[in-house]
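K.L.:
With chain A's structure known, arrange chain B on it following the hints.
Protein chains: 2
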Amino acid sequence: MTSRDKHDRMANAIRFLSMDAVEKANSGHPGLPMGAADIATVLFTRFMKHDPKNPHWADRDRFVLSAGHGSMLLYSLLYLTGYEDITLDQIKNFRQIGYRTAGHPEFGHAAGIETTTGPLGQGIANAVGMALAERILNARYGDALVDHYTYALAGDGCLMEGISQEAIALAGHLKLNKLIVLWDDNDITIDGAVSLSDSTDQRARFAASHWNTLAVDGHDPEAIAAAIEAARRSDRPTMIACKTTIGFGAPTKAGTSKVHGSALGAEEIAGARKALGWDFPPFEIPSDILDAWRVSGLNACKKRKEWEARLAETDAEIRAEFERRMSGDLPANFDAVIAEYKQKLAADKPKVATRKSSEMALEVINGAVPETIGGSADLTGSNNTKTSQTKPIAPGEYAGRYVYYGIREHGMAAAMNGMALHGGIIPYGGTFMTFSDYARPAMRLASLMGIRSIFVMTHDSIGLGEDGPTHQPVEHLAALRAIPNHNVFRPADATEATECWQLALESTKTPSTLALTRQNLPAVRTEYVEENLCAYGAYELATADGEAAVTIFASGSEVEIALAARAQLQAHGHPTRVVSVPCFELFEKQSDTYKAALIGNAPVKIAIEAAIRMGWDRFIGLDGIFIGMHGFGASGTIEQLYPHFGITAEATVKAAEARLSN
Amino acid sequence: MTSRDKHDRMANAIRFLSMDAVEKANSGHPGLPMGAADIATVLFTRFMKHDPKNPHWADRDRFVLSAGHGSMLLYSLLYLTGYEDITLDQIKNFRQIGYRTAGHPEFGHAAGIETTTGPLGQGIANAVGMALAERILNARYGDALVDHYTYALAGDGCLMEGISQEAIALAGHLKLNKLIVLWDDNDITIDGAVSLSDSTDQRARFAASHWNTLAVDGHDPEAIAAAIEAARRSDRPTMIACKTTIGFGAPTKAGTSKVHGSALGAEEIAGARKALGWDFPPFEIPSDILDAWRVSGLNACKKRKEWEARLAETDAEIRAEFERRMSGDLPANFDAVIAEYKQKLAADKPKVATRKSSEMALEVINGAVPETIGGSADLTGSNNTKTSQTKPIAPGEYAGRYVYYGIREHGMAAAMNGMALHGGIIPYGGTFMTFSDYARPAMRLASLMGIRSIFVMTHDSIGLGEDGPTHQPVEHLAALRAIPNHNVFRPADATEATECWQLALESTKTPSTLALTRQNLPAVRTEYVEENLCAYGAYELATADGEAAVTIFASGSEVEIALAARAQLQAHGHPTRVVSVPCFELFEKQSDTYKAALIGNAPVKIAIEAAIRMGWDRFIGLDGIFIGMHGFGASGTIEQLYPHFGITAEATVKAAEARLSN
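Line order of the protein sequences matches chains A and B. First residue of the first sequence? That's 1 in this note's numbering, and the numbers climb one at a time after it. First residue of the second sequence? That's 1001 in this note's numbering, and the numbers climb one at a time after it.
Bound conformation, chain A alone (with noise of 0.2 Å):
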């Protein structure tokens, strides 16, 4: 058997495992698998430094599959190359409940899955990050530790969509050299040919970001192995145009759109076994193939022993830090650094926007936790995200712990998740909250995934002032409140903002988004309470002066608002509680008891947010009152805007008062 033959027959055993795997679901994506089973047998025979059984090296090469749909490529290789949480039952069952195998690749179902692609454009914007978290992890510990490559295999699809642009002109304007893009170039999309759609040159727009840029025949195995051997030398991030033929073997279908998202059908899977010459039955991959694959599985065994060798002769100090930042762990003194921290606020009480507040945090927090890497979609000094400690990261330099993200939300948020999926570091990223529109599809996927991305959503209300409705943030508190597992945190002051950055940085599976102000507020948390009271997500921050006839929910700026409309009721002879509501998400996980309690029986109940009502009638029900918005916003100054739209202390007092007349 020649070595061209080997590789045919490899990346074959890729292209039935596919095609049977579909076709006994009846649904799935057969026509990548096949179109990149040359590209991918190469770069993972002879190039992925990758160890099946120890999955979780920290130095491994990453591999994104960002062309998700093809997640039959991704399984027939984690398979064939000796994972264990792929078996070959799991494969049989492809899409089916219960299985790791799902309809596009699910991080956490199984180790080898990166990261979970299918919403294009995702994948490719992840590995930039990854690229970036390798280099900067480099820049602290080293070639012995940290030098590995990020692979990305991208489609047409990948590459259409806006967030690819953004990926690639950060990742070509910060030299990620060792982050290689393979680009399936097939010509073909769900709509029929891509000429249908588009024309870009497309090597022509990633050179025009500064990438290197090559193209080969994707069938070629030596031509592909060439163009991934350049690209490894490559003095900046590079792309291969690896021309294909989409659903390769396919008789009648190949090259075509129809190969693309369903099942072949059995006549054309016969008819690819018998163009391919595969002469196994479904599933069956000849034992010599199946060697073949696992041996190359082995590759960098000895590369994973040696590095651990250098690890172990890593001096102690460095090395335990290495671990625990991989690891994920919070530093052992981060309970105390806050609480001293938050015993100064108790004293200090700071009047400032909530976004300064989060500033100062910081700048506590990125003292004590060396690996969190900050920055800003072009609103450095607008999300007060950069702190002392956080010098710029620049094109070929990685000392840095700050990212000028340049005015890509979207790439940010895709980027800090491939950042936090790596490992090592803890990634936050600020833009105005309105903007999280633009982010979204990111900080969707990182609430699926369960990773620690901290999105920092400054101007978080009307309150922001004259820029207007557009900037105005009113559905975005609710409609960030829907994403499951994603924890919104509205603080109030300088002691809740610090409490709830404690939070974000403790919750290890669960993203965070920090919703700020840009005007200032007064403490409303004024002693020193060593427990984290954030953490029941609402809690009783000013008792009624007897039994409550009202009860003031509300969050963030508007706490301030309820504590006056409060001494306001009081004053009137109405007993007045208010609780601050900073984290819907993790109030809802506290006991039943709790719940009620806190909720309790005041027969008028009020919330006060500058947003719409949505998810408030949980704390007031039905009937209860809502000082807020109902619908856009409008150019002004705060303090027209607030009055304008009835959110103020007045109003509260008169909306309880004509209710508590009733």
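To be clear, the hints were calculated from the coordinates, so they are not data collected in a lab. Just so we're clear, the structure is a prediction, and the values are computed from it rather than from any experiment. Misleading hints may appear alongside valid ones.
Unchecked claim - Coverage of chain B stretches by chain A, computed from C-beta distances (three or more under 8 Å per stretch; other residues unrestricted): (1) 1083-1090; (2) 1306-1319; (3) 1470-1483; (4) 1571-1584; (5) 1620-1631.
Where is the CB? At the ideal position from N, CA and C, for every residue including glycine.
P.N.:
Same frame as chain A, now just chain B:
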């Protein structure tokens, strides 16, 4: 006064109006208007075909300030050229509540504001839609009635946003040669130099998408004029890189990020007055300069009159149709066509997916309403957006009615907004509902602007099956319902789908989203009713057999489950009503009497929707039973998934009976 002196003084009028207005507001963005004043002066005095006294003239050139933060540039131009909506008083009250001169340009605030901009990248994509609309209408009505340019002024922020890539690639592909983008190439973003975050060769990038590109000194009026002249003759869209100094004229802050987004201060403005030789007090424009501007505002008056003459000479039927289309009114027979089709449906009772119902309704609608332009973000066969009438639009060929938008949800939605804003077209476009997140920023702007963009979102729940949680919307219905002025329709069968389409087309001031299933659904509306019942937002679909013990509220695919549960509950002696809830937003607009009666007093209230609970408390109260999703979905068959997540008639009956027996 030389012609250059005159130009300079006219441009300086923009600069000082902008500086002075921002200074008075103590808020705003002087840098762009000062930097781009020369570009704008050349464009508006030598090229723009518009008539300030007839600002809605259908064949005017469109000018889009994509860099919307530079709103004072636009307000200055509108005031100076004589638009009545923007008076000097408006400019003096820049960014104040109750004035037309909002922080960012708001469509509807004043004639001459062609679109709402501010969220970066949207404007350039709107402009692509406008330019496409122009070509589409030109293909129908010829040069005599439709023959204008679309100009967009974009900054670095617009070009860094991913949406710009989608827009650029689409425009280049479609050869929209009457689109001219002026790039305010000032090397500055908020965080500092562009070089902090970007190194893209923008001309090369546009060229990669087959644009014509030019570069000029953005302060040289003759060079700018020559470039615009050349652009107007191009057979491709043109990007003119105009190298400018941000804050041109500010003595110490020009060319820095300090001049971008805040008032310059009295001293700096005094220095600018000196540097630019402007001896006039704030808001005073010398009469010769104002006269020169006002005269330029009359430049196209003759062209407008000629156009009106051509319109008057046009065949009466064609003219009436053109005028009807541009007015936004539907054809007179529209309701009759729908009524006839509903009768057919009542007879046929088709059991099809609502995505198919939608296609069937569109087949009727597209036959009756020639101004619809369909499309999909590369999911034509899945979204069922193409009908027999909608032939493809292709590069240079605009007589069709269907746009292959490519895998560009965000660009599609923003281009649709541009088409709706242009007038004469009703755009609809499809993708999977989970990818509404990608399009969301543009969907929000459609809502804020109050325009008729119609978003077709298929695969609206776990019902899509094996593609898994990345593709299964769970929070999206709630998140879309959260957007103000956005009608989210979720029809339960073919009749409801038709009624929802009717409502979407009739809602000229509110965009719509149609949430549609992948899976087949039975007809739940089996009798012909002339009235559009979906117009109530929610209505009683099945009465209880006796005094209702249970009311079940459901939408879309879950109405079938509600009806099955009703049958079982009634068989067990529990009279049960079913309320179909196709549109929350329209329900809220009904009278309190209607709403109270519809919700009713059944002791047990249940809502069923294969999505999260958020929003349903409005119908069932906090103690109501919710049958739906509590987190992300899973990859599996629909037959596995509904029982797995407990969304079945049996689970509904069990929950109801447990409550009834309490």
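K.L.:
Taking the hints in turn, state whether each one holds.
P.N.:
Okay, the hints, checked on the actual structure:
no. : hint      : result
1   : 1083-1090 : violated (count 0)
2   : 1306-1319 : violated (count 0)
3   : 1470-1483 : holds (count 9)
4   : 1571-1584 : violated (count 0)
5   : 1620-1631 : holds (count 4)
Checked against the numbered hints listed earlier, the structure breaks hints 1, 2 and 4; every other hint is satisfied.
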